[in-house]
Amino acid sequence: MMPVVEVSNISKSFGNLRVLKDISFDVRPGEVHALLGENGAGKSTLIKIISGVLQPDGGEIKVEGDVVRFASPRDARHTGIATVYQELLLFPELTVAENVYLGHAPRTKWRTLDWQAMRAGARALLDSLDSHDLDVDTKVGLLSVANRQRVEIAKALSQDARLVIMDEPTAALADADAKRLLSVVRRLRERGVGIVYVSHRMPEIFALADRVTVLRDGAFIGTKPIGEVTEASLVSMMVGRSIDQLFPKVATAVGETILEMKNVSYRNVVNNISLKLRAGEIVGIAGLIGSGRTETALTIFGITPATGGEILIDGKPVTIDSPATARSHGIAYVPEDRGLQGLIKPQTIRENVSLAILDRLAKLLVVDRRREGALARESIARFGIRARGAEQLVRQLSGGNQQKVVLAKWIATEPRVLIMDEPTRGIDVGAKAEIHALMSKLAGQGLAVLMISSELPEVLGMSDRVLVMRGGAIVAEFDRAEATPDAVGAAMTAAGKHAVAELAS
Amino acid sequence: MTLRSFLRHETILLILLVIALIILAQQSDKFFTTDNLLNQGRLMAEVGLLALPMTFVIVTGGIDLSVGSIFGLSAILLGVFWHGLGIPLPVAMVLAVLVGGVAGLGNGLIMTRFNVPPLIATLATLALYRGLAEGISQARSVRGYPEWFFVLGQGEVLGLPTQLWFLFGLAIAAAAVLGLTTFGRTTYAIGANEVAARFSGLNVARTKLIIYATSGLIAGLAAVIFVSRVSTTRSDMGTGLELDVITAVVLGGTSIFGGKGTIIGTILGLVLMQVMKSGLALAGVKGDGTIVVIGVVLIAAILLGNLLSRNGDG
Amino acid sequence: MTSPLATPRLTAPVRRLATTLEANGQELVVFAVIVVLFAVVAMINPRFLSDTNLTTIFSGNAYVAVAAIGMTLVIISGNIDVSVGSLIGVLATISGTLAVNGYPIIICWLAPLVVGIAINAFVGVLVAYVRIPSIVVTLGMLSVLKGGLISATAGAWINDLPPDFMLAQFRLFGIPSPIYFMVALTILAALWMRHSGFGRTIYAIGGNPDAARVAGIRIERSIVGVFMIHGFFAGIAAVLFATQLQVIQSTVPPNLELTVITASVVGGVSILGGTGTVIGSTLAAILFAAIGSALIFTNVSAYWLRAVQGLLILATVLADMARRRRLR
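Chains as they are written, first to last, in my numbering: chain Z, 1 to 505; chain E, 1 to 314; chain U, 1 to 328.
This is chain Z alone, in the form it adopts within the complex (with noise of 0.2 Å):
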């Protein structure tokens, strides 16, 4: 059978940074294909380049058998493919319809769009989606984030999509959401439809893959028909090392409680916390994006502080009302979005590491230029962060050696509790193995470590407790020799095993 899209030799380098090498899959009509990586693999890139958002810099895409140049997504899409974003990208503003139909309406005889056909084209899609209770004149603004998703999906189908591209759909869903989300997947496949499928839950794949292609730090590693594979022979394709090679946790002494949360609630987001944090531990928090894990982060941080409960550190009861007060408590927070909420891009390793100490490093509010050089070069120093220098601007560094820069930021205001949140995420193997060693070293030296990871390899690898989060409120708590991934990954989802019998249904 002819596939509907096939890449060949695919090369991709942003800068200097090579992220994809060589990379080779096709997808087969009525054929779901998973694509499997670890974040900075490389998975993000290809799609899209298949999609059209991305040139490749080397390499051919085939359509159906026509070699294809995409310039535009729009161009992609002319030719069938669709694709449904892990940041969804609908119109607040608009309805669903609107939203299911945007850039490509149908048209009455006057050339004006055709409400009614819209509509009704709209209801009909979202029917066969078994999704018969959204109202199509809603405004998508207004709508549930998987009910969001289906729209999505809706407005691939609309086009007549012969291969559609899913960039991890379930990653924000709860249960119940994300076994309706397989099964409008399973439909698309008896359509004919082309599936790339992109997921890190590993009983998804199982559940809907025909066939997996496994990406490793931009190179190709394989692609394998599902019945040959097994969960464990995915993980080392992915890692490609055992994972007690990957996490060098080194065993300390714990110490004093420092922090400790009494039925910490914000809003509805983050509900009735207890925890305690002591010294010389790193106690990881797993769970799936929107179980609460980095509101709770935030609330500690005080960022959204906390509107019930109680927050001590050394047993005393503290408020914590803006970052400003958590860090004058000692507590340190790395931040999920490093671009975002951790750097200052278009300034120098100088300027950001004393970004957090400005008060400290400063004589009558000015600020001692010798005294700033100095942190940061013994930064450099410490925590090994590859630079030509402190006046190096931070854009211009990798993404592990950004991070570097982050934790050195709040390294240097002597943190007693450090929170790190997805600590290695978009980082390459090797400088991953370098922030846990630095983890490991931190909590050593007797911090307080709570870390958040979506990778449950890295929350079993690094953590001496293993919280897990869902619906704002912990649910389960694992000792490091309790927490396997079968017990972990069950607690995360409220699942248990039958549940994923169910899902292989």
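Simulated from the structure, these hints should not be mistaken for laboratory data. A virtual CB, placed ideally from N, CA and C, is assigned to each residue, including glycine. There could be a bad hint or two in this list.
Unchecked claim - Derived, one-sided and incomplete: chain E residues facing chain U with beta-carbon distance under 7 Å:
#	residue
1	LEU109
2	ARG113
3	PHE114
4	ALA127
5	LEU128
6	ARG229
7	ILE302
What the hints assert, rightly or not - Here are some, though not all, of the chain E residues that point toward chain Z, as calculated from beta-carbon distances under 7 Å:
#	residue
8	ALA20
9	GLY135
10	GLN138
Following the hints, position chains E and U against chain Z.
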């Protein structure tokens, strides 16, 4: 290298300035007289004063369109306090400046408390403050200020126009604050990445409040000086002033997108603008013709900046 | 966050009504305020409802409503134009100058449209392709147009306009023509915004530019288009403005840009782009004209008009921010 690119921009400005001065000196022997130069300095003082806080505003990635209206409101209230309410003139002057500060603080509060973008917030208060000036004054002007009051706008101290002392003093203070202090660092950080600034424990809201309040305060001060210079108050004073101020700042190399800019650049931009204005005046172009040039210069400056920075990135 | 509107409990007609209210709330509010204002002022001073005054309110300010249509499109697309007042002044002067110099009337009427479109095409290119923020471009254009106008005409008024030229003084069935223009253009624009592909594109660009790009919309081209349409409406507004009095003052009508922006914003255009309708902006233009007139009829100084304008914008913007927090 950020520092180097600043210097590069300022060098270009300096060269342009020298060229403009040479051309003007050849065109007219009246230009390079002490009297004319001091008079030009006097004329640019108000815009110059406003340009200092505006540099901070634009470095944070914001804009303040309401300075001209605050200027008008303070000017009117100076007359009303003194002439209408019989408050002693020195007190009235202080009150007029403080009103400017309160108006600026109002801008800041609208932005920080309600998350209204600076452009919109100050567009609304541009109308509101000017409307208050018009409503309070009912188009009546106030004249007859005592002789000592004119020292501020028409007098000299040590051979230099009084207002230039204010401008120099505040310019040095502004340059020091922006370039050397934690406050200046916070200002740049907000403009380059406001979220990261907040996540680094910097007090973003307070910094913005101080900047916009200062902008209003200085507008009030500039208004008092202006009233002293022209000997009268009217409600339409300062209409369109924001354009001159923003042009001077942008011409001085401050990025309209925030995160970049210096006080030295702003002063150079200001002087260059004033030289162009006076050059045009000497060449026989009337006052309204010069605002055409300011408009063109504003667009051209940003155009050039865009092209240069694009080259720099690529 | 699931909306109450999406709950299947509600029956379809109820839901439809709720959606309509949600979509048109601002228009209804403005309309209600107009009705209340007319009622209250008429009680204080019945002459407010006299023929002459109603003509002044509706016909004399129709050009503001027409200009606000174009401004509404610009703001929905996520941009702004603070130079529209100066543009209308320039276009009106061009129109009048041609008329006095004996050019065919139809040319005098069409020239402002063509020039308006051309000037705003230039503005649109600077905004869309050169990527200068629209506030800066139009701030610059404001002074270029205003200064250019004053120095070109030296402030001289244009007198002795030919009678045929006076489009805005023409009446049909006793109703002045500007009212027809205002109503017809508002309805046409509203229909066009709802039923043409480009109309919806404008909402998309303003609502989520990244998504619009990925959806294959040519954003740059669309923004230039929006500014050109805005220039077209400014041209019509200029003709109505130029032909309503016997003289053209050759100056920029004071604060016209703010009045036009106020009309758009108060009429329900979100200043952050992505939402709003031209019906709302026209209603708001009428409301604003009525407020100006009401101040006079209730013996409040007209010098307070601008303060009221400022408060109206501020109040609407704050309400919009509160609404946005709910959506999304």
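Here's how the hints hold up against the structure:
| no. | hint | verdict |
| --- | --- | --- |
| 1 | LEU109 | violated, 11 Å |
| 2 | ARG113 | violated, 10 Å |
| 3 | PHE114 | holds, 5 Å |
| 4 | ALA127 | holds, 4 Å |
| 5 | LEU128 | holds, 3 Å |
| 6 | ARG229 | violated, 22 Å |
| 7 | ILE302 | holds, 5 Å |
| 8 | ALA20 | violated, 31 Å |
| 9 | GLY135 | violated, 36 Å |
| 10 | GLN138 | violated, 43 Å |
Checked against the numbered hints above, the structure breaks hints 1, 2, 6, 8, 9 and 10 and satisfies the rest.
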